[in-house]
Amino acid sequence: MQQFLDPVVLASISSMDLVARTVVDGFMAGLHRSPQFGFSQEFAEYRAYTPGDDLRHIDWNVFARTERMFLKRFHGDTNSQLLILLDASGSMSFKSGAVSKLDYARFLAASLSYMGSAQRDATGVIVFDDRVRNYIPPSSRQGQLVRVLHAIEAAQPGTTTDFSKPFLHFQQFLHRRGIVAVISDFYDDPDRVIGNIEPLRYHGNDVALFHVVDPVELEPKFTDPVVLEDMETKTTLEVSPEYANNEYRARFQRHIDALRTAAQRSGLDYTMMDTSRPLDQGLREYLTLRQRKM
Amino acid sequence: MGFLAPGILAGLIAIGLPVYLHLLRQHKTTPRPFSSLMFFERRVQSSIRHRRLKYRVLFALRALFVALLIFAFARPYLPFTSVAAAHGGRVIALLLDDSFSMRQDNRFQRAKQDALSVVNGMRPSDRAQLISFGGPTRLLTNLTADRSTLAAAVNGLEPADGASSYAEVARAIRSLTQSSKTAVEAHLFSDMQKTSAPANFADLKLPDGAQLVVHAVVDSAIPNFAVENVIAPRRIFSAKTGTVQATIVSYSDKDATRRVTLLINHHSIETKPVVVPAGGRATVEFTGIDVPYGLNPCEVDIDSADAFPEDDHFYFAVERSDPAPALFLHEQNDNRGFVYFQTALAAVNQPAFSLQNASYAQAASSSLDRYAFVVLSEPAGIPHGLEDALHRYVEHGGSLFVVLGPASTGRVPVADLVVAEGNSSPRDGGFNFVARVDSTHPALRSSTHWDSVRFYRTESVQPGAARVLLSLDDGRPLLLERAIGEGRVIVLASALNNIENDLPVHPVFIPFVQQTTGYLGHTESATGNYVAGAFYDLHPSDTQTDAPVEVTGPHNARLLSLSESTRARTLPLEQEGFYDIRRQNGRHELAAVNPDRRESDFTVLPPQTIQLWRNTGNGNRGVENDSDGGRGGNELWWWVLLAALAVAVAESVLGNRHLDLKEGT
Numbered sequence: 027m028q029q030f031l032d033p034v035v036l037a038s039i040s041s042m043d044l045v046a047r048t049v050v051d052g053f054m055a056g057l058h059r060s061p062q063f064g065f066s067q068e069f070a071e072y073r074a075y076t077p078g079d080d081l082r083h084i085d086w087n088v089f090a091r092t093e094r095m096f097l098k099r100f101h102g103d104t105n106s107q108l109l110i111l112l113d114a115s116g117s118m119s120f121k122s123g124a125v126s127k128l129d130y131a132r133f134l135a136a137s138l139s140y141m142g143s144a145q146r147d148a149t150g151v152i153v154f155d156d157r158v159r160n161y162i163p164p165s166s167r168q169g170q171l172v173r174v175l176h177a178i179e180a181a182q183p184g185t186t187t188d189f190s191k192p193f194l195h196f197q198q199f200l201h202r203r204g205i206v207a208v209i210s211d212f213y214d215d216p217d218r219v220i221g222n223i224e225p226l227r228y229h230g231n232d233v234a235l236f237h238v239v240d241p242v243e244l245e246p247k248f249t250d251p252v253v254l255e256d257m258e259t260k261t262t263l264e265v266s267p268e269y270a271n272n273e274y275r276a277r278f279q280r281h282i283d284a285l286r287t288a289a290q291r292s293g294l295d296y297t298m299m300d301t302s303r304p305l306d307q308g309l310r311e312y313l314t315l316r317q318r319k320m
Numbered sequence: 029m030g031f032l033a034p035g036i037l038a039g040l041i042a043i044g045l046p047v048y049l050h051l052l053r054q055h056k057t058t059p060r061p062f063s064s065l066m067f068f069e070r071r072v073q074s075s076i077r078h079r080r081l082k083y084r085v086l087f088a089l090r091a092l093f094v095a096l097l098i099f100a101f102a103r104p105y106l107p108f109t110s111v112a113a114a115h116g117g118r119v120i121a122l123l124l125d126d127s128f129s130m131r132q133d134n135r136f137q138r139a140k141q142d143a144l145s146v147v148n149g150m151r152p153s154d155r156a157q158l159i160s161f162g163g164p165t166r167l168l169t170n171l172t173a174d175r176s177t178l179a180a181a182v183n184g185l186e187p188a189d190g191a192s193s194y195a196e197v198a199r200a201i202r203s204l205t206q207s208s209k210t211a212v213e214a215h216l217f218s219d220m221q222k223t224s225a226p227a228n229f230a231d232l233k234l235p236d237g238a239q240l241v242v243h244a245v246v247d248s249a250i251p252n253f254a255v256e257n258v259i260a261p262r263r264i265f266s267a268k269t270g271t272v273q274a275t276i277v278s279y280s281d282k283d284a285t286r287r288v289t290l291l292i293n294h295h296s297i298e299t300k301p302v303v304v305p306a307g308g309r310a311t312v313e314f315t316g317i318d319v320p321y322g323l324n325p326c327e328v329d330i331d332s333a334d335a336f337p338e339d340d341h342f343y344f345a346v347e348r349s350d351p352a353p354a355l356f357l358h359e360q361n362d363n364r365g366f367v368y369f370q371t372a373l374a375a376v377n378q379p380a381f382s383l384q385n386a387s388y389a390q391a392a393s394s395s396l397d398r399y400a401f402v403v404l405s406e407p408a409g410i411p412h413g414l415e416d417a418l419h420r421y422v423e424h425g426g427s428l429f430v431v432l433g434p435a436s437t438g439r440v441p442v443a444d445l446v447v448a449e450g451n452s453s454p455r456d457g458g459f460n461f462v463a464r465v466d467s468t469h470p471a472l473r474s475s476t477h478w479d480s481v482r483f484y485r486t487e488s489v490q491p492g493a494a495r496v497l498l499s500l501d502d503g504r505p506l507l508l509e510r511a512i513g514e515g516r517v518i519v520l521a522s523a524l525n526n527i528e529n530d531l532p533v534h535p536v537f538i539p540f541v542q543q544t545t546g547y548l549g550h551t552e553s554a555t556g557n558y559v560a561g562a563f564y565d566l567h568p569s570d571t572q573t574d575a576p577v578e579v580t581g582p583h584n585a586r587l588l589s590l591s592e593s594t595r596a597r598t599l600p601l602e603q604e605g606f607y608d609i610r611r612q613n614g615r616h617e618l619a620a621v622n623p624d625r626r627e628s629d630f631t632v633l634p635p636q637t638i639q640l641w642r643n644t645g646n647g648n649r650g651v652e653n654d655s656d657g658g659r660g661g662n663e664l665w666w667w668v669l670l671a672a673l674a675v676a677v678a679e680s681v682l683g684n685r686h687l688d689l690k691e692g693t
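These protein sequences, in sequence, are chains A and B.
Counting in the working numbering, the first sequence runs from 27 upward without gaps.
Counting in the working numbering, the second sequence runs from 29 upward without gaps.
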């Protein structure tokens with residue numbers, strides 16, 4: 027099964043639904059010892075009823091046996107909504123191999139959507155670049171997964187990345203607390219990125235940043251001078267291999283470190299997704315991190 | 029620097045191709061998409077400039093390659109004059125004619141004075157070499173700047189008796205040019221005889237860049253008379269039978285009467301007047317010559333009435349002797365071969381040999397040393413004692429002629445050659461004929477028509493180490509020669525009895541016997557006339573190398589040291605006069621040497637011919653017209669082609685690197 031999680035293999039599967047199921051089922055097959063991992067409500071404790079409590083939460087089975095009213099409480103009572111923010115800017119179309127960053131991001135988004143839908147969480151997606159391109163409001167209704175996957179599949183590389191405009195817009199849609207997964211390459215100043223995303227955290231959301239990077243972005247391998255063209259701004263720059271092999275890598279690494287640090291400082295989960303790695307590795311890393319926090 | 033094919037330089041237009049590729053057709057670098065440039069900086073542009081610089085280097089290499097290729101085909105050369113200038117001085121060849129004609133009046137002194145004046149005019153940086161060409165060219169000095177050495181060599185030179193050749197002069201200049209790698213300035217000091225010019229003008233070709241300066245010691249011909257040739261018998265066997273015929277040549281425009289005198293042993297024998305026509309020849313004949321026994325130096329003189337008396341005599345040698353005894357050995361009852369052989373030997377007017385007939389038994393007790401040669405006919409039953417005596421006779425310089433017959437099986441006596449049994453006759457009962465004749469051998473030099481002789485039976489002799497002189501059509505040898513000790517053995521593989529073959533009744537038989545016996549009896553080389561500069565063969569037989577030969581020159585001086593007398597194979601006959609040659613076996617020879625009579629013709633080369641000759645070396649034009657500069661010199665195309673090859677390799681390496689770059693991007 028592991029071989030089907032290879033991004034290159036996933037790219038050959040045309041149906042996003044099948045991609046998501048392949049990833050998640052295979053992923054779950056490897057997590058049989060703790061199948062309860064997920065985003066939905068989980069049982070936490072029983073609490074005695076006090077006047078004013080919602081009668082819908084009374085465990086009537088316990089009342090029938092004990093004639094005492096207890097409320098059944100769950101973990102993550104407010105995380106019943108999964109919203110995926112998918113960056114579809116021009117830079118996301120970069121690829122050094124068979125899978126572009128956008129493809130990888132779509133696989134990841136589809137997999138998350140499938141996992142959320144499997145646990146009957148309300149799942150939604152927002153596709154954005156410098157503005158909101160597509161928005162599927164979170165819902166747990168029948169057919170929601172199909173709509174979400176369709177929106178993910180239809181995502182095409184757009185223009186530049188601008189977190190300020192779309193994230194201001196997101197806040198209008200987020201009425202319920204839940205999990206917000208931001209999938210992007212975060213080509214912006216880390217403080218500005220976190221500054222735009224951080225308000226989501228204030229609404230009580232669990233925000234997870236999935237930083238999609240291509241291995242060439244991490245370690246460019248130029249043997250000769252080359253002219254590079256920015257995929258978003260279309261500007262060109264002549265680059266020497268010495269710079270790309272040394273200074274660029276250091277600067278990019280500093281960018282990652284700054285992003286991770288800023289995310290941790292703001293209470294955001296940060297996971298770097300290397301498009302050359304199997305998709306489940308990134309997911310496992312994130313869920314393990316999340317389990318520790320629970 | 030010049031070009032031998034300057035028209036090809038038009039191909040330099042081809043340089044436009046790399047110009048178009050590199051400059052007009054600008055190389056465009058395809059931008060490579062990248063997700064974001066926010067981590068790159070503008071200051072890295074210098075690396076691209078470096079890459080563009082590499083393209084410029086590639087362009088330069090390509091343009092250079094095309095240019096070098098075109099230059100190579102245009103055949104560039106560096107004029108020798110430039111090379112000489114680079115060395116800082118001239119290379120001068122002093123070519124002094126010391127031939128026989130330079131003995132006339134004070135020609136040679138004038139030539140030497142001219143040569144000395146050139147030597148004195150040399151600059152310190154000049155180098156010169158003195159070469160004489162009166163006969164074979166001789167390098168009298170090395171290439172030197174020492175004027176005293178050159179002057180001493182010039183002063184020490186005396187005219188010789190050889191003949192000059194301007195072809196040799198041109199060859200010497202070419203050789204000096206090649207060895208010195210520079211343009212040679214050749215100074216020719218000569219009487220510029222027309223007869224010294226080669227028949228083919230191309231032989232006078234001077235090397236490119238060579239400059240020829242002619243110092244002619246005379247400018248016009250002088251009338252002259254000379255004894256051009258003498259025909260006399262080498263050997264006389266009876267009194268008052270010799271005839272001497274002398275040819276007098278005139279190089280004058282007037283008829284003249286000359287008195288011709290025959291001298292024998294330096295004594296005047298007879299004088300006859302002869303009218304020599306202008307520019308023609310006259311012949312005088314002296315008959316009934318009687319000379320004493322032995323080798324006699326003889327001479328034909330004309331009265332000295334011209335400006336060059338040195339050519340008014342002609343030396344020759346005549347030997348008076350009795351016919352040498354020769355021995356014909358045969359079986360007791362076989363006399364046919366002797367009859368035929370003796371008849372052929374006596375067919376000439378004065379037979380050189382008196383042939384004696386003896387059976388094996390008769391000869392067993394007689395001494396063989398007094399015979400000029402021995403004929404051994406059908407030696408099947410030869411006694412061992414006689415064979416041993418014959419072997420000793422041959423080893424000490426004797427000659428043996430072995431004639432094989434039907435009973436000759438096993439081996440050839442003395443010659444030690446194997447005779448195969450059987451296959452003596454053609455299978456169909458027919459005959460064989462001679463298919464190959466070694467006409468270079470003295471015994472067969474003028475015998476022809478061997479193809480009409482039929483050989484019905486021929487013994488099959490294995491040649492071994494012997495030289496095959498005649499071969500039959502089936503490949504078997506018919507006549508062989510083998511050297512044993514100081515002597516020689518000739519083997520005829522068929523009998524002379526007119527039964528096994530019909531050779532004795534064919535016309536070729538008489539010259540064959542005459543020449544073979546003359547060769548075996550050493551009469552063909554007893555005396556002879558030679559032209560000055562010729563070589564005398566001191567050891568005609570390969571086996572005589574250790575036998576000393578004593579040679580006395582025209583001035584009664586021994587010409588060979590003791591070691592040279594055994595090792596020298598040839599002797600150059602450079603001086604006019606008589607050479608007395610004595611061999612260890614007592615054989616005495618006298619060689620008469622006369623200068624080449626072409627030297628007697630004082631007609632000078634026309635100035636036009638001399639000018640044409642000078643023009644064959646392009647350096648002369650450079651001297652006469654400085655603007656030309658000459659086209660001769662060291663050709664550089666090979667070096668240019670090598671440079672083009674190196675550039676091509678560099679271009680390939682650099683081009684491949686750029687190609688890798690493109691594929692990488």
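In case anyone wonders, no lab produced these hints; they're calculated from the structure.
Backbone N, C-alpha and C define an ideal beta-carbon position, used for all residues, glycine too.
Do not take every clue at face value.
[As the list claims (entries may be wrong)] Here are some chain A residues the structure puts well away from chain B; computed CB gaps all over 10 Å:
#, residue
1, 89
2, 97
3, 117
4, 270
5, 303
6, 310
[Unchecked claim] Footprint (simulated), chain B over chain A, 3 or more residues, beta carbon under 8 Å:
#, region
7, 124 to 136
8, 206 to 212
Comparing the hints with the structure gives:
At the 10 Å boundary, the C-beta of residue 89 of chain A stays outside the reach of chain B, the nearest C-beta of that chain being 59 Å off. The claim that residue 97 of chain A lies off the interface holds: its Cβ sits roughly 51 Å from the closest Cβ of chain B, which is beyond the 10 Å cut-off. Not every C-beta of chain B lies more than 10 Å from that of residue 117 of chain A, the closest at about 4 Å, which undercuts listing it as non-interface. Annotated as non-interface, residue 270 of chain A brings its C-beta within 10 Å of a C-beta of chain B; the closest such distance is 8 Å.
At roughly 18 Å, the least C-beta separation between residue 303 of chain A and chain B is larger than 10 Å, which holds for a residue marked as non-interface. With a closest Cβ-Cβ approach of about 26 Å to chain B, residue 310 of chain A is found to remain outside the 10 Å limit, as its non-interface label requires. Only residues whose C-beta sits within less than 8 Å of a C-beta in chain B count toward coverage, and the region 124 to 136 of chain A has 1 of them, not enough to reach three; the restraint is violated. Evaluation of the coverage hint for the region 206 to 212 of chain A: breached, as 1 residues show C-beta separations to chain B shorter than 8 Å, against a requirement of three.
When each numbered hint is compared with the structure, violations occur for hints 3, 4, 7, 8.
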